[in-house]
Amino acid sequence: MFERRLKLLLVFLALPAAAIVLRLVQLQAAWGSDYQRMAEAKLRRPPRFFPCLRGDITDQQGRYKLAYDAPSWNICVQYAVVAGDREYLRGPARRKYPQLDPAAAEEAVAEEIAASWRAISALTGVSPDDLERTRQKIVKEVSTVKKVVSQRRGIATEIAEERTARPVVKGLDQSQQVVARERLKAYEWVEVVADQTRHYAGGPAVGHFLGRLGEVSSDDLSNDPNRDDELARYLSGDLRGISGVEALGERILRGRRGRIEEDILGRPVPGTAVIEPVSGRAFRLTLDLLLQQEFHKLLQAAVESSEYSTGGAAVLLDIPSREVIAMVSYPSHDPNITWKDWLPLADDELRQPTRFRPLQMHYPPGSIVKPMLLAAALSDGTIGPDLRITCEGRLFREEENRWRCTAAHGSIDAIFAIQHSCNVFFYRLGEMMGVSRQAWWMQQFGFGANTGAGLSQETPGSLPTGERGERGRARLAAIGHTFDVTPMQAANMAATIASGVYRPVTIWADDPDPRPGRKLPISDAAWRAIREGMFQVVNVAGGTAYEYARLEDVGDYILVGKTGSATGLRRVVERMYTVHFPDGSVREEPAASRRLIAARFPDARIEGGRPCRYWPPAEIDPTHAWFIGYISTRQHYLEPHNAGRLNVAIAVIIEYGGHGGSGAAPTAAEMLRRVIARQNDAPEARR
Amino acid sequence: MDLTLPIPTRHGLALLLPVAVLCTMGVLSIQATSSPQQGHSLTAATMNQLVFMGLGLAAAAVVVSLGYQRLGRWSYLLFGLCVLTLLWLVLDRWINLPLVVAQRNTRRWIRFGSIQIQPSELVKFIYVLALGWYLRYRRNYRTVMGLVAPFALTLVPMAMILMQPDLGTVLLFLPVLFAMLFAAGAKVKHLLVVVLLAVLAGPVFWFQIKSYQQLRITGVLLQSPRVRSYLVQHPKLWDSFRGKSKPGSDDSAEAMRWRRELTDWENYTGYQLTQSKIAIGSGGVSGQGWNRGIFIEYDFLPERHNDFIFAIVAHQWGLWGGLLVLVCYAAIVAIGFDVATLTNDPLGRLVAVGATTIIAVQALTNLCMTVGIGPVTGVTLPFVSAGGSSLLSSFLCVGLLISVAQRRPMLIANPPFVFNEEMERYAPPGR
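Residue numbers (the numbering used here), protein chains in the order written: chain A, 4 to 690; chain B, 74 to 504.
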């Protein structure tokens, strides 16, 4: 009985013992190697990454760096101090003032922290208020991230940002950082950390399009094509190009970060190699920086010498490849401009210095579309090559002031119509073609669509629209009104006329996959006719640019082109806003923009925005001066361009510059003289 | 007063061998996991352990000298004293009493000068004696009314230790009671009623204990990621399982912490168990070797020298080391039960069974916890874990076993508790 019960007790005890034995076999024999790996993993830190340099943005020669990373230093402060966390005081208090009682020691450390903020301010010249703003911004950002992370995980989580030092002053140079290290070394919560800063060179000539960097957004993170590559993928806080060339060349410019695996004592983990960071590749633009800068100067001179002009743009294209050799916009700003300096520029409604005119702004093209439409009509058979039209200075004898021409040209043919830019001829031609056919041809020349430069600022302009049989709109479209083109589109049209081939433009010199050209369905005879017309515009007495743009001083080269005087809209430079003040009173106040008036009366409710002042003044016609053209020679100007000669096309617009011949053509001619001179200096400058 | 010389018999010597093996493994592990002292080859923790081993041996010798029968006679008195000590600890909750060491809201220790003792460890030993003293008469365990006293004897210290709180020690009493009643020959249906009552009381007990204790007990289930993800998807089930509603609104800090028990179990309440499994598993079959291995070098495993020392043993000596520990306990149980069968004295039999069960149940509870097949309770591994009181009480149990083995009466009568259940008559021996 007793023995039997003891045996039963033994069985009771043996059951868990057997379970333990099985479990030990499972853990140690069956899963042993897995657990061994897990144990070893405990000794490894998560891999650390080294930052890599971003690639340079260079000009076509690769000689001038337009954007580059340069070493710089940041002053970083521990997040706990930035956030003003009293808990943090305890550690330094104990270490620095072991003899004081804890409360007094913490007070002393708090004093030192305040002193360190003052020292940072004195050292860098950043005002205490700005530091305070930076501080609040950092706290806000980190707590936002913390909130998002906590919500995603469903638990309150301490994030890495809370444990690291955050930069409060960025971009110290070498000498500043040495001084900062020395002066701030007493404060253990302040570090001077090496970093890189993106610098932009080239001045206002390249002010608009290099773009800028911004921190990656959550969309960038989730749409990252390199998601699965831990060395190339974006990490939160990384910078990426968010506009301009920086965004366009992001894939090229971005490098690969380096990687090191260390154990918890900081020794490299055996079996893992240290991967050095790889800098991003250079993004070579098609631009010629020297020409770009000269163009900018010339454009500046042209705009400044014109009484009512608010700005201008010029684009120079290499015709066979449609590489953009120069694209300038005036007024401009330095590419290193800070947000703070940029904002007031953005409020300048008159001169609009923040807008990149070659791509971002569009204007009615005016007469520069006439050769294109003539070639189209000749090819379509809408008109015969021998068509003559009588111009009496206006379209209808009975309507003195409508459908006017520049002069009474008499009975003229197509080439004369181009040379003298006769409106009546093209009113008739427009009537015959109709709006939709004109629009179709304009599309063939690249109007109404992006040119392929790839910059995010670009706008496509517009195409003429109108019902069948709407003769008025057809006439206006034929003289380049009722729709808008960008200077880049105008330059590409000139290149298309020169070569007979439409092709998207590019600003990337190393594009591995250039977009092909498209030969337009226009007969050789039609091309020759319009080239003859454009030749006469510049080189035959009576041409609209004859007085202004002949290249007689540059040897063999001649300029073939077309002027345009386009009536644009007046620019609204001031609006009248109705300001409702909190006390109930209402007042009308003029201002350039809603932002400015809102800044002036932050508490008031603002309505309306009726335009009240325009530019140019009412007595001046709002006429933009256009010139498009290309370089050719007397012998070959009728033939399509072949590579091997100086194959460049140009478009210049001077806003409110008046007549195209006097307003834009001289500038274009001067620019092309510089191009030719540069070609003669360095014949191999372009590939 | 005549004293017995504390010279172990054959059984006693056989018992000391596995105990010595276990103690050695314990001391080596403690030495490996504690930081060395300047100028000494032994660490402070090792010295402490060795001192208490000596004290334990001396205590065992005292027990043998006095003899279990004399101790049995004194057992009610000793038990009373122990209960008073426990009461002292309990009262400290409300009145601040001297000598009590309060640690993280628990009151388990009494301090005399530089010596700290844990009365609950000593109670176990006295409890076996007192229970044996009571059950040595047949009338006391064959009737239902006779069972009231043993339960009272059990529940009083249990309740007091529960208030310390020391869940692990509390849970030890019931198996010992069950084993002694069972061995004494209590009617099976009585015992079944007792077990049933315990099962029914389980839920009540479950919802009474603290949240962290619940989580430690459920670690057995929660270590499976599948169970955790199921509970994450069914938060209502989790709430009702814990018998408490989720505190605060959905995005409050408490609610986040409440959910974190599931989503981040491995770094939270499950941290110790996860580390323990990694330590054992990474020992592999052959082990990392003494004083070697990641878990020796770094203190990843909290309580590695104490409750979780088996993980360190298995980490160093692998599967073979782990099996050796089990074999040692098996040997102790086998010898203990052999001692029980070889004596004719009813008190001796009960005391031997009780003392053996205490060691065995503690070892099994601790091992189950460490390998992750039992709840995490703060039970030490007898003879191996660092800790003076635990060592002392284990040695006292060994002393009892040796004492019983020494005082084997002549075979002149029918052995006690050997009778035919149906006939209610003594059966001849050997059946």
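No wet-lab data here; the hints were simulated from the structure.
Possibly wrong hints are sitting among the right ones.
Lysine-lysine pairs mimicking DSS-like chemistry, simulated, CA-CA at most 27 Å apart [claimed, not checked]:
1) A/LYS188 <-> A/LYS149
2) A/LYS99 <-> A/LYS188
3) A/LYS343 <-> A/LYS173
4) B/LYS283 <-> A/LYS10
5) A/LYS150 <-> B/LYS260
6) A/LYS10 <-> B/LYS309
7) A/LYS10 <-> A/LYS188
8) A/LYS300 <-> A/LYS343
9) A/LYS140 <-> A/LYS188
Hints versus structure:
no.	hint	result
1	A/LYS188 <-> A/LYS149	violated, 30 Å
2	A/LYS99 <-> A/LYS188	holds, 14 Å
3	A/LYS343 <-> A/LYS173	holds, 16 Å
4	B/LYS283 <-> A/LYS10	violated, 37 Å
5	A/LYS150 <-> B/LYS260	violated, 63 Å
6	A/LYS10 <-> B/LYS309	violated, 45 Å
7	A/LYS10 <-> A/LYS188	violated, 75 Å
8	A/LYS300 <-> A/LYS343	holds, 26 Å
9	A/LYS140 <-> A/LYS188	holds, 25 Å
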